[in-house]
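**Q** Listed in order, the protein sequences are those of chains A and B. Sequential numbering from 1 applies to the first sequence in this note's numbering. Sequential numbering from 1001 applies to the second sequence in this note's numbering.
Mixed in with the good hints there might be a few duds.
What the hints assert, rightly or not - Taking lysine to aspartate or glutamate pairs in the DMTMM-like style, the calculated list, with each CA pair at most 20 angstroms apart, reads:
id, chain 1, residue 1, chain 2, residue 2
1, A, Lys-59, A, Asp-28
2, A, Lys-59, A, Glu-172
3, B, Lys-1109, A, Glu-33
4, A, Lys-7, B, Asp-1158
5, A, Lys-7, B, Asp-1159
6, B, Lys-1027, B, Glu-1198
7, B, Lys-1137, A, Asp-189
8, A, Lys-59, A, Asp-189
9, B, Lys-1113, B, Glu-1091
10, B, Lys-1027, B, Asp-1183
11, B, Lys-1118, B, Glu-1108
12, A, Lys-148, A, Glu-10
13, A, Lys-84, A, Glu-10
14, A, Lys-187, A, Asp-16
15, A, Lys-124, B, Glu-1228
Just so you know, the hints here were simulated from the structure itself, not pulled from any lab data.
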Amino acid sequence: MSLIGNKLIESKLNPDNANARHYVAAGDYFLGEIKQGQTFRIVDLEGNQAADVLFYNAKDPSERYSAMDTIRTQGNLYLTAGTKLISNTNRELLEIVADTCGRHDTLGGACATESNTVRYSLEKRCMHACRDSWMLAVAEHPEFGISKRDITHNINFFMNVPVTSSGGLTFEDGISAPGKYVELTAKMDIVMLISNCPQLNNPCNGYNPTPIEVLVWN
Amino acid sequence: MSKIFYTTTILGNGHWSLEVRRGTLMKITDLEGGANVGMLFYNPRNLLERYNAPDTLKCQHTFKLQRGNCLYSDMGRIFASIIEDYSANGEGNWHDTVCGNSNAQQIEKQFGKRDYQKDRNSWLQNGSDAFLVELAKYGLGRADMAANINWFSKVIADDSGNIKLDTKNQAAGNSVTLRFDMDTLLLLHACPHPLNQEKAYPFKPVQIELGEADPVGEDDYCKNFRPENQRGFQNNALYYLAAN
């Protein structure tokens, strides 16, 4: 597996000075606001975990992270330090400012009970999946004004989904490790919705979902 | 292709939407070479069920769409199957579903400011606005716009993930034929692909033919293209067993 051109950038921020720390258990969700100018870090605590993340303009959730506009604007399929995350109205929502993993996916989408029936077996429909976590999050928190119509194509932090020159798509394991992290700075007030992936059918989290942590600095 | 009952042409900056029944066949033909057709799918009975590009790609282990591929909703069902895919060079087409749409700022930057008073119906329309217009007709908006398909647009990536539009295989007469496997609200535009590098706005018309598809047999190419597709068709069958 090659990671040509990807650069690892470590953060200078000290976890001891973080203004908030959120522990997100394996298979759980996080839904919360990040203010403009704040920097936050998502840490893969035990390694091999996938964090399925959506971002919204906190004032209007119909403006949100757009995988297609991000890919088109940067002319590249993969996300790493320096990538600007673009909204569906072509505004910059966030920028990745540090990354010790090197590459993150935005093509593979999130697991769902419905897509699990197609990918694995019709009888896998009752296994917990990322889109179920998002559904529960938006149902439990109507105050954010987010509903199923706002649930769209996400980022899979710590996940590697290489595209081949012949147009193949493969899911590969092995670029994340315990303690690896990605750090982003918000360019406007945003809402972040994370499903800490519970997938048990493929190597995106090593068949063993583990916790992540979110640290926020003002 | 003998059972065609309607033929029309969509101009290179045009857009359209139509509700089609399952069993409908749609053949799209690039009339001059260099066309791009953006397309989105919704379940007319539940507009929250829509085409899902990541689900479509990952369950078929592909980055491109071509003959044999099925187009999945977020509910694990198949809106349509690519039953034929003709290209003049014999290699088959390669269709993109990750680059989204051109937008107003990008079109103006590349081709100049649009002027309806001067250009009338030859104005420089962009794919994003074209979809927003069609979405609004069904009570939908920008929050409902998912990643679309870009028919006839080959987007390739290098090892580092850098992408570009490869126009070598674009030719007059290239065509793709869909069979709708669910009742579907489809939206389409023929605006330029967002990675198009032309200096002048490419007004590239496409022909749309609508007809009746042959029934899906056990030996169906798309159904047997991957084991995942067999399960997708089972999900469709369950939907119509339970809901009709």
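**Q** Hint by hint, say whether it matches the structure.
**A** Outcome of the hint check:
| no. | hint | result |
| --- | --- | --- |
| 1 | Lys-59/A <-> Asp-28/A | violated, 25 angstroms |
| 2 | Lys-59/A <-> Glu-172/A | violated, 37 angstroms |
| 3 | Lys-1109/B <-> Glu-33/A | violated, 34 angstroms |
| 4 | Lys-7/A <-> Asp-1158/B | holds, 17 angstroms |
| 5 | Lys-7/A <-> Asp-1159/B | holds, 14 angstroms |
| 6 | Lys-1027/B <-> Glu-1198/B | violated, 26 angstroms |
| 7 | Lys-1137/B <-> Asp-189/A | violated, 31 angstroms |
| 8 | Lys-59/A <-> Asp-189/A | holds, 8 angstroms |
| 9 | Lys-1113/B <-> Glu-1091/B | violated, 38 angstroms |
| 10 | Lys-1027/B <-> Asp-1183/B | holds, 17 angstroms |
| 11 | Lys-1118/B <-> Glu-1108/B | holds, 15 angstroms |
| 12 | Lys-148/A <-> Glu-10/A | violated, 35 angstroms |
| 13 | Lys-84/A <-> Glu-10/A | holds, 17 angstroms |
| 14 | Lys-187/A <-> Asp-16/A | violated, 24 angstroms |
| 15 | Lys-124/A <-> Glu-1228/B | holds, 13 angstroms |
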